[in-house]
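Chains A and B, in that order, are what the protein sequence lines are.
Residue numbers 371 to 472, in our numbering, belong to the letters of the first sequence in order.
Residue numbers 267 to 355, in our numbering, belong to the letters of the second sequence in order.
These are calculated hints, taken from the structure and not from any lab test.
Among these hints, one or two may not hold up.
[Stated by the list, open to error] Just so you have them, the derived chain B footprint on chain A, three or more residues with Cβ under 8 Å:
{"#": "1", "segment": "397 to 408"}
{"#": "2", "segment": "432 to 442"}
{"#": "3", "segment": "454 to 462"}
Where is the CB? At the ideal position from N, CA and C, for every residue including glycine.
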Amino acid sequence: MIVVVGFVLLAGLFFQAVAALGVVRMPDVYTRLHAVSKAETLGVLLTLLAVGLSTGLGLTTVKVGLVTLFVFLANPTATHAITRAALRLGVAPWQRHREAGR
Amino acid sequence: MRTLFLTAAVALVGLALVYVHRIAVGPTVFDRLLGVNAIGTKTTVVLLLTGGVFGRVEMFVDIALGYALLSFIGSLAAARYFERTEHRE
Numbered sequence: 371m372i373v374v375v376g377f378v379l380l381a382g383l384f385f386q387a388v389a390a391l392g393v394v395r396m397p398d399v400y401t402r403l404h405a406v407s408k409a410e411t412l413g414v415l416l417t418l419l420a421v422g423l424s425t426g427l428g429l430t431t432v433k434v435g436l437v438t439l440f441v442f443l444a445n446p447t448a449t450h451a452i453t454r455a456a457l458r459l460g461v462a463p464w465q466r467h468r469e470a471g472r
Numbered sequence: 267m268r269t270l271f272l273t274a275a276v277a278l279v280g281l282a283l284v285y286v287h288r289i290a291v292g293p294t295v296f297d298r299l300l301g302v303n304a305i306g307t308k309t310t311v312v313l314l315l316t317g318g319v320f321g322r323v324e325m326f327v328d329i330a331l332g333y334a335l336l337s338f339i340g341s342l343a344a345a346r347y348f349e350r351t352e353h354r355e
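One chain only, chain B, in its complex shape (with noise of 0.2 Å):
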């Protein structure tokens, strides 16, 4: 079970490094939102699957529901952010 969380985390990491790619070239600054977003997602994953990989569930399971909601806080921000600033290319 534990190997199979670490694999499991180790590949979520990996999917995350595509992301990171879509931040790094994305046209408009909406595709850069998206993937800090989705970045943000996939570590709250990464977080419990730690925690399955240590044993400790009980643990990790608070930090990761503190990181989604400041995760998910600060993504509405940004987009009510840049709905109301100007569009520069």
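This is chain A alone, in the form it adopts within the complex (with noise of 0.2 Å):
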């Protein structure tokens, strides 16, 4: 068991640092949001399902599982708002030819 749990817990922290990463290095704010939106979001429900294992089966497991639905909804919810919200205020996107020229 120990080992299913530490596996799937060492695949979540992988895809997180991953989003980290894009945060850090994505040129502008649209990469960065979808950095955060897919990888972010596949490394919460790997870490949640990690602890949803060790708890054996039982009422906390569904608890764990409905956080885990809950942030597997909410978090490309939020971040296609902040996106939306970007593109009406109109930030640009980044464009390979601009940063050339720069």
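Relying on the hints, combine the two individually framed chains into one complex.
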């Protein structure tokens, strides 16, 4: 059991580390939101799955599943709202030739 | 199992510092909003891992659920607020 939990936990940490790397390295706000909305959600899901597996079967597992479901719905919704707000306020998307001309 | 969860929680707090960097330097307000949203999600996970460390997941899961709800609503409200105000550099 501890091997399975450790493996899933490690996979979740890996995807969250990838999301953090994307947030540091990506060139503009839309690409950073892309990193957070996908890699971060998957990493959080895997980490919560590890916690749910470790508790055995019962009411606690169901509650951890509810938290997981909520994060799965809420995190892309929040990042989509931020993206729409940025687009409506006219934050220009990054383009390669604009970067080269600077 | 306990050591595993403790190590993962410490690693996640270290990753949250990366988002703090983005909040500090982010050129637009939306970069900062994104960092706050991501740290809120990460805090939910750290709360559940803390429950695993203490062996009291059944208590911490309610706290984590409440925190996730509040964080989501706060992030959504901030996004709507900045959508309606003028963009100032």
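Here is how each hint holds up against the structure:
1. Counting residues of the segment 397 to 408 of chain A whose beta carbon lies closer than 8 Å to any beta carbon of chain B gives 4, which meets the minimum of three for the stated coverage.
2. Proximity of the segment 432 to 442 of chain A to chain B, defined as three or more residues with a beta carbon under 8 Å from a beta carbon of that chain, is established by the 6 residues found.
3. Coverage of a stretch by a chain is defined here by at least three residues with a beta carbon nearer than 8 Å to that chain's beta carbons; for the segment 454 to 462 of chain A and chain B the count is 7, and the condition holds.
Hint violations for this structure: none, all hints satisfied.
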